[in-house]
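J.: Residues per chain are reported as follows:
2 protein chains.
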Amino acid sequence: MENKMDNQTVTMAHGAGGKQTSELIDKVFAAHFANPDLTADDAAVLTPPVGKMAVSTDGFIVSPAFFPGGNIGKLSICGTVNDLACMGAKPLYLTCAFVIEEGFPMEKLEEIAAAMEKTAKEAGVRIVSGDTKVAGKGQVDGVFITTTGMGQIEDGVKVGGELAQPGDAIIVTGDVGRHGCTILLAREDFGIEADVTSDCAPLWHTVEEVINATHDLHVIRDATRGGVGTVLYEIAGQSNVGIRLNAEKVPVAPEVKGVCGMLGLEPLYLACEGRMVIMAPKAEAEKIVEVLHKCPYSQNAAIIGEVTAEQPGKVVMTTEIGTQALLPQPGGELLPRIC
Amino acid sequence: MENKMDNQTVTMAHGAGGKQTSELIDKVFAAHFANPDLTADDAAVLTPPVGKMAVSTDGFIVSPAFFPGGNIGKLSICGTVNDLACMGAKPLYLTCAFVIEEGFPMEKLEEIAAAMEKTAKEAGVRIVSGDTKVAGKGQVDGVFITTTGMGQIEDGVKVGGELAQPGDAIIVTGDVGRHGCTILLAREDFGIEADVTSDCAPLWHTVEEVINATHDLHVIRDATRGGVGTVLYEIAGQSNVGIRLNAEKVPVAPEVKGVCGMLGLEPLYLACEGRMVIMAPKAEAEKIVEVLHKCPYSQNAAIIGEVTAEQPGKVVMTTEIGTQALLPQPGGELLPRIC
Numbered sequence: 001m002e003n004k005m006d007n008q009t010v011t012m013a014h015g016a017g018g019k020q021t022s023e024l025i026d027k028v029f030a031a032h033f034a035n036p037d038l039t040a041d042d043a044a045v046l047t048p049p050v051g052k053m054a055v056s057t058d059g060f061i062v063s064p065a066f067f068p069g070g071n072i073g074k075l076s077i078c079g080t081v082n083d084l085a086c087m088g089a090k091p092l093y094l095t096c097a098f099v100i101e102e103g104f105p106m107e108k109l110e111e112i113a114a115a116m117e118k119t120a121k122e123a124g125v126r127i128v129s130g131d132t133k134v135a136g137k138g139q140v141d142g143v144f145i146t147t148t149g150m151g152q153i154e155d156g157v158k159v160g161g162e163l164a165q166p167g168d169a170i171i172v173t174g175d176v177g178r179h180g181c182t183i184l185l186a187r188e189d190f191g192i193e194a195d196v197t198s199d200c201a202p203l204w205h206t207v208e209e210v211i212n213a214t215h216d217l218h219v220i221r222d223a224t225r226g227g228v229g230t231v232l233y234e235i236a237g238q239s240n241v242g243i244r245l246n247a248e249k250v251p252v253a254p255e256v257k258g259v260c261g262m263l264g265l266e267p268l269y270l271a272c273e274g275r276m277v278i279m280a281p282k283a284e285a286e287k288i289v290e291v292l293h294k295c296p297y298s299q300n301a302a303i304i305g306e307v308t309a310e311q312p313g314k315v316v317m318t319t320e321i322g323t324q325a326l327l328p329q330p331g332g333e334l335l336p337r338i339c
Numbered sequence: 001m002e003n004k005m006d007n008q009t010v011t012m013a014h015g016a017g018g019k020q021t022s023e024l025i026d027k028v029f030a031a032h033f034a035n036p037d038l039t040a041d042d043a044a045v046l047t048p049p050v051g052k053m054a055v056s057t058d059g060f061i062v063s064p065a066f067f068p069g070g071n072i073g074k075l076s077i078c079g080t081v082n083d084l085a086c087m088g089a090k091p092l093y094l095t096c097a098f099v100i101e102e103g104f105p106m107e108k109l110e111e112i113a114a115a116m117e118k119t120a121k122e123a124g125v126r127i128v129s130g131d132t133k134v135a136g137k138g139q140v141d142g143v144f145i146t147t148t149g150m151g152q153i154e155d156g157v158k159v160g161g162e163l164a165q166p167g168d169a170i171i172v173t174g175d176v177g178r179h180g181c182t183i184l185l186a187r188e189d190f191g192i193e194a195d196v197t198s199d200c201a202p203l204w205h206t207v208e209e210v211i212n213a214t215h216d217l218h219v220i221r222d223a224t225r226g227g228v229g230t231v232l233y234e235i236a237g238q239s240n241v242g243i244r245l246n247a248e249k250v251p252v253a254p255e256v257k258g259v260c261g262m263l264g265l266e267p268l269y270l271a272c273e274g275r276m277v278i279m280a281p282k283a284e285a286e287k288i289v290e291v292l293h294k295c296p297y298s299q300n301a302a303i304i305g306e307v308t309a310e311q312p313g314k315v316v317m318t319t320e321i322g323t324q325a326l327l328p329q330p331g332g333e334l335l336p337r338i339c
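Protein chains in written order, with the UniProt record's numbering: chain A, 1 to 339; chain B, 1 to 339.
The shape of chain A in the complex, shown without the other chains (with noise of 0.2 Å):
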């Protein structure tokens, strides 16, 4: 960009509305967001989806705001596009609420600006309304995003957690635990070193080949917070079915498993933010996963169990060696704050 800030820092008056704010406005966000329904008024103007609308609304808090493979601006944009994808809808329009403290660096904010652009852009959606807030010192740790997305259902799609059948097979569409295992190392409370990114990505064009493939599809889900264990938990309560998952073909990276053993922790409860559980009849699932192998954020998808009627409301686990015990129900403070 030619225009950068005076300002080295966020100060006080880039959110009192004036003429700072307008300045930060124009010279980082609009700059990156570009776009003919981008809007300066305090609304857009949108052409509305046609048929269904998907609304999807998320806060990143995430701590360290910059980690491998992201930083919280691009979290911001994957996790309501991934949300709105989940729901079998193409996303359209996003809005993006910043609360910033005071004294933030202004290289920063752009570089977050910057990784917004890039990823909105990959995923295909148009970010058409913000806000602009700054905290005073200590009023708020960092950068906060709020971002809500509007999608269009995609036609012949019906997708929910409430709608797993006895029979469904069930793909988990990369391996698991990355970005939990990332934001718990870029904490450095532990004092490990290991070199594992987060699996952070828009998966909107993933979800799309796959409808492209199928249309008989019960369930999407992405595995954030929580990961891939609440949602199977969830699934099979919404949806009244028992779980019985394969452990052993939970798709696991050497690094990340590596750093749970060390630490006692279990990579199904590690937050995911570029991976999705997909629940479809048995019949659907090879040529699935032979799709999602063929996508860039999927190459290790793998079915990983099936849904039963027999133990509704549970996840039963075959370990590597052959027993047969529940998988812990979530509950708690899983884990350090991820998104």
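Check each hint, because a few of them may be wrong.
Pairs involving identical chains hold if they fit within one copy or between any two copies, as the list cannot separate such chains.
As the list claims (entries may be wrong) - With a Cα cut of at most 27 Å, we get these calculated BS3-like pairs of lysine-lysine:
#1 K108 x K158
#2 K19 x K314
#3 K158 x K52
#4 K314 x K27
#5 K19 x K257
#6 K249 x K52
#7 K137 x K121
#8 K121 x K52
#9 K137 x K108
The hints are simulated quantities; they were obtained by calculation from the structure and are not laboratory data.
For this one, chain A is given, so just place chain B on it according to the hints.
T.: Okay, now just chain B, sitting in the frame of chain A:
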């Protein structure tokens, strides 16, 4: 509500995405926000607006979160509803994302949710989707709320900050500066006691009445951060017109005037959260004011000036003693945080 939370305060577990998060959502948020469009999934599935859709987002970090005339919950609905209303859009759907500090009193959170419920009902808007994050003690000050609203732009209505025309009358819908003054005093920075309450109010029905009376409207803008003065300068710039302001016609409550006198503040630069500036052809002005006087939040509406071709970009004030002076330009940190 029958089903109170066991916890007296919000804990990290309430934000971890597991069982406690579900409990908080069910017992506090869903209990208050219940409506047929509210989703428990990651995204709501909605019927889109007909015609053009207005979309607006706003983050609310007001401190203190409770103040005479409202709280951050009421404010978070009013702010976004009013941004839609000022585009001539009927608010349909709203999302809300909470960031809550660990240890925040559950009772206060309930009070906030109840205020949101009441205000959303009054405004005729449905809360359709939400998100809850809990931040560690000191990572956030109390509670932050980001709301995003979607509305349907009324047929034949076209308003915008760039549409003011010489000859337009300038109307303010009520006495100015109440909200900013209330927050100032609630902070007890000054040791002044005065009986001021915030003007915080949802204004869609007010706009609706005005639209029903006439479609010949050029600008509707709510005077939030930066107050009426900032809005006038913004519009003067966007429309490249001059603004002649009749200072003695600007309604200011005596208690607000008193506080401003003591502190050396200009009420025109104090925030409002329930006041709008309307610009429309002079021939329509009396009729608009008449309609406003019948609405609950605009009984003190008044014509306070006119748009001119001279001195484009400037706001010229005729003072009470008849002299003319430029209204000082807005800029810098005008006030403590007020939204």
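J.: Look at each hint and say if it fits the structure.
T.: Here is what the structure says about each hint:
no.: 1; hint: K108 x K158; result: neither (40 Å within a copy, 38 Å between copies)
no.: 2; hint: K19 x K314; result: between (57 Å within a copy, 14 Å between copies)
no.: 3; hint: K158 x K52; result: both (11 Å within a copy, 26 Å between copies)
no.: 4; hint: K314 x K27; result: between (52 Å within a copy, 24 Å between copies)
no.: 5; hint: K19 x K257; result: between (51 Å within a copy, 25 Å between copies)
no.: 6; hint: K249 x K52; result: neither (36 Å within a copy, 48 Å between copies)
no.: 7; hint: K137 x K121; result: neither (33 Å within a copy, 36 Å between copies)
no.: 8; hint: K121 x K52; result: both (23 Å within a copy, 24 Å between copies)
no.: 9; hint: K137 x K108; result: both (16 Å within a copy, 24 Å between copies)
Of the numbered hints listed earlier, those contradicted by the structure are 1, 6 and 7.
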